[in-house]
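Those protein sequence lines, which keep their order, are chains A and B. Counting in numbering that gives the first Met the number 0, the first sequence runs from 0 upward without gaps. Counting in numbering that gives the first Met the number 0, the second sequence runs from 0 upward without gaps.
Treat the hints loosely; a few may be bogus.
[Stated by the list, open to error] In the DSS-like style, the derived pairs of lysine-lysine whose C-alpha atoms are separated by at most 30 Å in a straight line are:
(1) A:Lys112 to A:Lys141
(2) A:Lys141 to B:Lys362
(3) A:Lys112 to B:Lys8
(4) A:Lys142 to A:Lys236
(5) A:Lys236 to A:Lys65
(6) B:Lys229 to A:Lys65
(7) B:Lys332 to B:Lys6
(8) B:Lys362 to A:Lys154
(9) B:Lys332 to A:Lys141
(10) A:Lys168 to A:Lys154
(11) A:Lys52 to B:Lys6
In case anyone wonders, no lab produced these hints; they're calculated from the structure.
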Amino acid sequence: MSTLLEISGVNKSFGGLQALDDVNLKVNEGTVHAIIGPNGAGKSTLLNAIIGKLVPDTGTVKFDGKDMIGVQPHQINQHGISRVFQTPEIFGELTILENMMIPLLAHRDGAFKPALWSRSDAQGDILERAEHFLSDMNLWGKKEVHAASLSRGDKRRLELAMCLSQDPKLLLLDEPTAGMARADTNNTIDLLKTIAGRGITMAIIEHDMHVVFSLSQRISVLAQGHVICEGLPEEIKTDPRVREAYLGGAEV
Amino acid sequence: MQATATKNKDNLMVLLFAAAVLLMPLWLQPFGAAYPDLMQKFAIFGLFAIGFNILFGQTGYLSFGHAAFIGVGSYATVWVFKLFTMNIFPAMLFGVLVSGVFSLVIGYVCLRRTGIYFSILTLALAQMSYNLAYSVLTPITNGETGLQLSIQDPRSWDAVAVTGEGIPSTNLFGLELSAFDGLAGFYICAVFLILGFYVAMRITRSPFGSMLRGIKTNQQRMMYTGLNTKPYALTAFVISGMYAGLAGSLMAAVDPLAGAERMQWTASGEVVLMTILGGVGTLIGPVLGAAVIKYFENIFSAINTTVLADFYSFLPQGLADVLVSLTSLFVGKGWHLTLGLLFMMVVIFLPGGIMEGIARIRKRFSASN
Numbered sequence: 000m001s002t003l004l005e006i007s008g009v010n011k012s013f014g015g016l017q018a019l020d021d022v023n024l025k026v027n028e029g030t031v032h033a034i035i036g037p038n039g040a041g042k043s044t045l046l047n048a049i050i051g052k053l054v055p056d057t058g059t060v061k062f063d064g065k066d067m068i069g070v071q072p073h074q075i076n077q078h079g080i081s082r083v084f085q086t087p088e089i090f091g092e093l094t095i096l097e098n099m100m101i102p103l104l105a106h107r108d109g110a111f112k113p114a115l116w117s118r119s120d121a122q123g124d125i126l127e128r129a130e131h132f133l134s135d136m137n138l139w140g141k142k143e144v145h146a147a148s149l150s151r152g153d154k155r156r157l158e159l160a161m162c163l164s165q166d167p168k169l170l171l172l173d174e175p176t177a178g179m180a181r182a183d184t185n186n187t188i189d190l191l192k193t194i195a196g197r198g199i200t201m202a203i204i205e206h207d208m209h210v211v212f213s214l215s216q217r218i219s220v221l222a223q224g225h226v227i228c229e230g231l232p233e234e235i236k237t238d239p240r241v242r243e244a245y246l247g248g249a250e251v
Numbered sequence: 000m001q002a003t004a005t006k007n008k009d010n011l012m013v014l015l016f017a018a019a020v021l022l023m024p025l026w027l028q029p030f031g032a033a034y035p036d037l038m039q040k041f042a043i044f045g046l047f048a049i050g051f052n053i054l055f056g057q058t059g060y061l062s063f064g065h066a067a068f069i070g071v072g073s074y075a076t077v078w079v080f081k082l083f084t085m086n087i088f089p090a091m092l093f094g095v096l097v098s099g100v101f102s103l104v105i106g107y108v109c110l111r112r113t114g115i116y117f118s119i120l121t122l123a124l125a126q127m128s129y130n131l132a133y134s135v136l137t138p139i140t141n142g143e144t145g146l147q148l149s150i151q152d153p154r155s156w157d158a159v160a161v162t163g164e165g166i167p168s169t170n171l172f173g174l175e176l177s178a179f180d181g182l183a184g185f186y187i188c189a190v191f192l193i194l195g196f197y198v199a200m201r202i203t204r205s206p207f208g209s210m211l212r213g214i215k216t217n218q219q220r221m222m223y224t225g226l227n228t229k230p231y232a233l234t235a236f237v238i239s240g241m242y243a244g245l246a247g248s249l250m251a252a253v254d255p256l257a258g259a260e261r262m263q264w265t266a267s268g269e270v271v272l273m274t275i276l277g278g279v280g281t282l283i284g285p286v287l288g289a290a291v292i293k294y295f296e297n298i299f300s301a302i303n304t305t306v307l308a309d310f311y312s313f314l315p316q317g318l319a320d321v322l323v324s325l326t327s328l329f330v331g332k333g334w335h336l337t338l339g340l341l342f343m344m345v346v347i348f349l350p351g352g353i354m355e356g357i358a359r360i361r362k363r364f365s366a367s368n
């Protein structure tokens, strides 16, 4: 199993706060890797460092063998990393169909292609794929609806469809079940299992241990910006350091 | 199938638009606006607003400096009139190209920021251009007097004028713009307006248009979706700058002079009002907004107390006098007051502008059917 994402020695501080402290992490191809930890452990900061939203002070992020430090966010995405945000980031004022077309066009045409004269509704291949991915999420029937008017669950499904439509090599998920009812959470778990079954590598941040243990093959525990342990789900369940990090608060 | 349906609908819209524009000399008669000078203004400012809307309405970047491109287009066009030919085709081509290059430079600088900072940068650069045109650049712009034609201009491509003849008038391959009482000039402007409208429609319906709306709605998502937003925004900026340059060139074509006052911030603000009044992000809205504002500027400002007294003459003298003095606040020099009130009403009750009003009326009608 080859390493798809390799984070080594990453540090990031904001003023006096050390948000990431010498983080080392490897995500293997074809696995679901969960990153857990108490609030403020630096999980979202770590995802931000991976997608180029912020640049680490020191350390390296290697994806697919290439160094990603200092690479523009859109280029990182074009290399094959897509992210689902904690609060769904979609195009609220646009229809669901147009929401879906933008990532598909980005995937087909690259970071910039001024196609001023062709018609969007004449892009047969794009529309076909849009229908495929939207139907997958039960959203095709609402394709003319403005995305802002969707329920939270539908917004998340739309964002997921947008990310998946780009055939990402690595899918980052930031608390995909946050704020969901139990039934919705179970549906999401099933959905993510199906996606994992297609061989897409995933790194997932999650608070809900039910979700974490149903999905992941490997778990890293982050506390105070540092990876305190990493291993198989069974190992993590029983690790005393993890219990301390969660139960003993943030003090070391 | 659906694609052809929307395509046909779009083509029908352009046809109807073209018909409405070309028939303006007829249907504007009852409104007292069917004279070429005003109709030219409708077309020219309509073009300006259509282009501005591509940047503001579609991409979400509010520029407060677009009048600068009008000025640049005008100056460049008049220079061709002076040096080479009175044919507006090469002159306007040059005007549009120069404003395109100018907007590329300004856009590159301003698009380093978004939101209010972008707006302030455009305002600052446009005011700077305006002041330069007034002072340092006098050799090019002729400062306060404005750039005008003179008999001594070389006009090297045109046949040598017979001595004693005045300044030749602008023409399109021989057709003088002042021909047919200025209707020739109007129809040339009208054709450009229709072409400009068609191009804007194509851009709106293209994948590029989707990208612009994506930038307006969620720039973050665009970046993390693998799209480089900067060249998209810059392209939109240059396109809208070239529309403004085309409007400036047409101004020079129908009236061959160029002055710095065209570049002032009030002119930049006016196009913002036009777009909001008509309907931000819609295709036809900006044209309607431009027409309404130019109509008010020319018709309402011309109404004086005599006209009002005439209007109220059927009423008893005392009441008529009261009404005349009340109404005169809103017309003549007070037309800005009417415009201001109208603008406030639109922003408060119809944030989507005139187009939202039309959509609401249509909805009400279809609901009652």
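Now the hints, each set against the structure:
1. A:Lys112 to A:Lys141: Satisfied, since the Cα-Cα distance of roughly 28 Å is no more than 30 Å.
2. A:Lys141 to B:Lys362: OK: Lys141 of chain A and Lys362 of chain B at ~21 Å, within 30 Å.
3. A:Lys112 to B:Lys8: Holds, at roughly 26 Å.
4. A:Lys142 to A:Lys236: violated (43 Å)
5. A:Lys236 to A:Lys65: This hinted pair is violated, its Cα atoms lying about 33 Å apart.
6. B:Lys229 to A:Lys65: holds (24 Å)
7. B:Lys332 to B:Lys6: violated (46 Å)
8. B:Lys362 to A:Lys154: Status holds; Cα separation ~28 Å.
9. B:Lys332 to A:Lys141: Violated, at roughly 52 Å.
10. A:Lys168 to A:Lys154: Roughly 22 Å between the alpha carbons, so the hint for Lys168 of chain A and Lys154 of chain A holds.
11. A:Lys52 to B:Lys6: Violated - the C-alpha atoms of Lys6 of chain B and Lys52 of chain A are around 39 Å apart, more than 30 Å.
Violated hints, listed in ascending order, are 4, 5, 7, 9 and 11; each of the other numbered hints is respected by the structure.
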